Amino acid sequence: MRYDHDLASLSVGAIATIGLYTILYRENRFYRFFEHLFLGLASGWALVAIWQETLKSLWWDKMVGATASDGNPAVMGYWAYILLLPVGLMGYTVFSKKHNWMSRIPIGVILGLYSGQQFSAWMTRYIPGISGTMKSIVPTTTQFFKPDQNPVKGDLYGSEALNNLIFIVTVLCVLSYFLFSFDVKSKILKNASLTGRWMLMIGFGAIFGTTVMMRFSLLIDRMYFIWIEFIKQGLLHMK
Amino acid sequence: MATNDPMPQKSLGDKLQSFPKSALYLALFVLVTIPLFFPVTLPNKPIEASIDFYAQMMKLPEGSKVLIASDWTNSTRGESMGQMEALLRIIMRKKIKFVVYTIADPQSPQVARDTIRKVSDEEVKAGGKAYEPFKDYVILGYFPNGEGTSAAINNKFLSICDGKKDYPLNSPPRDVMQSPVLQGVKSVADFKFLIVVTASNSSTVVLERVTKVPKMFMVTGVMVPETTTYYAAGQLMGLCGGVKGVYDLETLMQEGLNVPGPKEVTSEKYSEKIPGFPGMPPNGNGKGARYYPSLHFALFLLILVVIIGNLGMILSKKKAS
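Protein chains in written order, with this note's numbering: chain A, 1 to 239; chain B, 1001 to 1321.
Bound conformation, chain A alone (with noise of 0.2 Å):
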């Protein structure tokens, strides 16, 4: 399982683990150490992996031209890219109170850009959703389950019908809840209310548990960096 790491990069990898883990005792210098060579180390690569991936390549390059060498082709500079760096300036005048107006203009195409965008956006997530809530409750054929060997293509079974039951009360139940939130006389549309309220919660629940299982695959994955990558693959040298 080791890969191109010699054990000094391990150990270090080990001892940072065990010094953010620390933080599960208590706060203290260790734990401080490692969060901020974290940090640093995170913002120390963004810093050039963002000049050298984007900047460099899509503007710096376009802009300055380039000769062709080690199979690369030569590139004829274009002076208009030199624009883009008093547009780009302008977005830290938001830090000064006297031309922090400037800074609403990179602002504005921003949310221009971001803004056409959201129709076409909204219509692609949700419109497939919507229409997929269509489904039909009532059985083709009078067999109830589904069976594991040959089932009829296109024949809906009784348990799949009432799959599709449950599902569609499930979102009126919860449509209403939202839909009836001032105080509503009627019982019928109380108590879908109250089942959608029910719905929503054990949704928040499902939701709840596979946040918890991927916090667990997080600790899992340290472990075995530390007992098996570290120790086992890279102290003691066994398979």
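These are calculated hints, taken from the structure and not from any lab test. All figures in this text were calculated on a predicted structure; none of them were measured in a lab. Among the hints, a few may not be true.
Below, a list of computed lysine-lysine pairs in the DSS-like style, where the Cα atoms sit at most 25 Å apart [stated by the list, open to error]: (1) A:153 x B:1269; (2) A:146 x B:1263; (3) B:1156 x A:239; (4) A:146 x A:135; (5) A:153 x B:1273; (6) B:1129 x A:239; (7) A:232 x B:1118; (8) A:62 x B:1165; (9) B:1059 x A:153; (10) B:1125 x B:1094; (11) A:153 x A:135; (12) B:1165 x A:56; (13) B:1135 x A:56; (14) B:1045 x A:153; (15) B:1269 x A:135; (16) B:1010 x A:146; (17) B:1273 x A:146; (18) B:1125 x A:232; (19) B:1186 x A:62; (20) B:1156 x B:1212; (21) A:56 x B:1129; (22) B:1156 x A:62; (23) B:1269 x A:146; (24) A:239 x B:1015.
Derived CB-CB ranges, DEER-like [claimed, not checked]: (25) B:1159 x A:64: 17 to 27 Å; (26) B:1045 x A:163: 17 to 27 Å; (27) B:1132 x A:30: 23 to 33 Å; (28) B:1030 x A:138: 51 to 61 Å; (29) A:41 x B:1029: 17 to 27 Å.
No residue lacks a Cβ here, since even glycine has one placed at the ideal position from N, Cα and C.
Given the coordinates of chain A, assemble chain B onto it according to the supplied hints.
Just chain B now, with coordinates in the frame of chain A:
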């Protein structure tokens, strides 16, 4: 002021509700560690979403091209790395060429680069072919504006490649447009799939803006409930979620789909047999198989503690009334 009053005795209910945190953390650390040393194979029935993911990938003809959004870093290594490894194993064995980009984090391209090299080396050791950077795959790197980049991918894919450089190990940076992987690619529709491996909302950004190519997602456990609605609505061709998704893919790679055997995995959706890669890595020893038992132990502790805490609360209430 000193006092000689005796400390009030805690009732059983109070004691059950006030376990020391450090003891619980210790129990958790011990419980998740034990299964790592004594690997056990848990029975597994892959879910339909994972089967779809596997079947769609396995049906791709040799030499196909896929686009991968690798939007994860080491912070979610526990789930995302297993997913990426499983995906890469299928890709490399099917000799599929791929393009990687990221809109989530500047660290992601390097993490992807390391993972690809690791899996490629393991494939070579197992008798497979080495995947060469730039020739078999190309990494476009990081794009800071996820919304704009995704819209550009959909409308004019080559515009995001223009000027971008790949940074293969021990080689000078190369213009990605010179890569054989991008030869013949004019639009995102030239890729068979857009596969998003993510631990953030980049999946939603892609879902909203990229419509010209079928999509499949590999997401962390916390994202499964939301992403399942997109899968159920037919917006995704396949979905691999959390450690369960990784274990599903590893099981399918081992047992195949609709292939008769003692641990046969069947699906009514697919009538054909889709054989896996029995005997090939991870061979029952992947991240999914290794982490799944530990996850069960951790969940067992969680459920136990919830029961004990509630029992304590009931006892305390009874005593108070």
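Going down the list of hints, with the structure as the test:
| no. | hint | verdict |
| --- | --- | --- |
| 1 | A:153 x B:1269 | 10 Å, holds |
| 2 | A:146 x B:1263 | 22 Å, holds |
| 3 | B:1156 x A:239 | 48 Å, violated |
| 4 | A:146 x A:135 | 17 Å, holds |
| 5 | A:153 x B:1273 | 18 Å, holds |
| 6 | B:1129 x A:239 | 24 Å, holds |
| 7 | A:232 x B:1118 | 19 Å, holds |
| 8 | A:62 x B:1165 | 12 Å, holds |
| 9 | B:1059 x A:153 | 22 Å, holds |
| 10 | B:1125 x B:1094 | 17 Å, holds |
| 11 | A:153 x A:135 | 16 Å, holds |
| 12 | B:1165 x A:56 | 10 Å, holds |
| 13 | B:1135 x A:56 | 24 Å, holds |
| 14 | B:1045 x A:153 | 23 Å, holds |
| 15 | B:1269 x A:135 | 19 Å, holds |
| 16 | B:1010 x A:146 | 55 Å, violated |
| 17 | B:1273 x A:146 | 21 Å, holds |
| 18 | B:1125 x A:232 | 21 Å, holds |
| 19 | B:1186 x A:62 | 21 Å, holds |
| 20 | B:1156 x B:1212 | 11 Å, holds |
| 21 | A:56 x B:1129 | 34 Å, violated |
| 22 | B:1156 x A:62 | 19 Å, holds |
| 23 | B:1269 x A:146 | 13 Å, holds |
| 24 | A:239 x B:1015 | 44 Å, violated |
| 25 | B:1159 x A:64: 17 to 27 Å | 20 Å, holds |
| 26 | B:1045 x A:163: 17 to 27 Å | 18 Å, holds |
| 27 | B:1132 x A:30: 23 to 33 Å | 43 Å, violated |
| 28 | B:1030 x A:138: 51 to 61 Å | 54 Å, holds |
| 29 | A:41 x B:1029: 17 to 27 Å | 26 Å, holds |
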